[in-house]
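In order, the protein sequence lines correspond to chains A and B.
Numbering-wise, the first sequence is residues 2 to 143 according to my numbering.
Numbering-wise, the second sequence is residues 380 to 465 according to my numbering.
Hint data in this document are derived by calculation from the structure and do not stem from the laboratory.
Hints are supplied without guarantee of correctness; some may be wrong.
Stated by the list, open to error - Examples of chain B residues toward chain A, derived with CB under 10 Å:
1. ILE397
2. GLN432
3. GLY451
Glycine included, each C-beta is placed from N, C-alpha and C at the ideal position.
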Amino acid sequence: MSASETENTSEATLPENENALASAALETIQDTMDQFMATADVNAVFGETIKHQGNLILPAAEVVSIMGFGIGSGAGVSEENKGSGSGGGGGGKTFARPVAVIVANEQGVQVKPVVDFTKIYLTAFTTLAFITSAWLRMRRGK
Amino acid sequence: MTLQNTNRPPVKWRGYQISPVAQAFRFVPSAQFGIIWNRPVGVQVQTPQGETQFLPVHDLTRIIQVIIILSGLFLLFLLKLIYKRS
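Just need the whole structure built from these sequences, with the hints factored in.
Below, the structure is given as structure tokens:
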């Protein structure tokens, strides 16, 4: 096979590769979007029921999902720079925090809250630090 | 921007029918960006006697956090008042 034949083959397959890459990227975006939208479902908040020693336990959590992505393309307009290109990127994060546990037993159905003491201590210390620094600034400015 | 309540089909347990309710807040301003905040609202309970009651789910951690922050701001406001007068 000559060098010119090799060049022709690679030129012929390049658009197909680009199409395959673009469709794969679109599929990934669609999957991510579907997963993101599934966060709004009730099943994302309430877990599977657990039966334990005559109790029915149903965990409940708060779920926050953030997602963003972008795509762009461009091409050279001058005679020397005729190249073109495109690209994209994105990211997202899902946070989940237990809020309560619903317990059903012989006594009835009860909602038992889940308290995150670490978060409470962090909030208290941050607030205290903020007040102390503001108070010190007030004293200096007097 | 939408606020939507969603129910799960009831779970049957010893004559009780428990149906969880969640509330989803969606903010999707464009196809490229979005936020979804989904939280439990409560459970709809139907007793074996046929009575229906709604048990709310309170986020105790968040309530305590808000109380701490508001108390801090109030304290700061009081300190400012004291320093202004003196």
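Here's how the hints hold up against the structure:
no., hint, in the structure
1, ILE397, "6 Å, holds"
2, GLN432, "8 Å, holds"
3, GLY451, "4 Å, holds"
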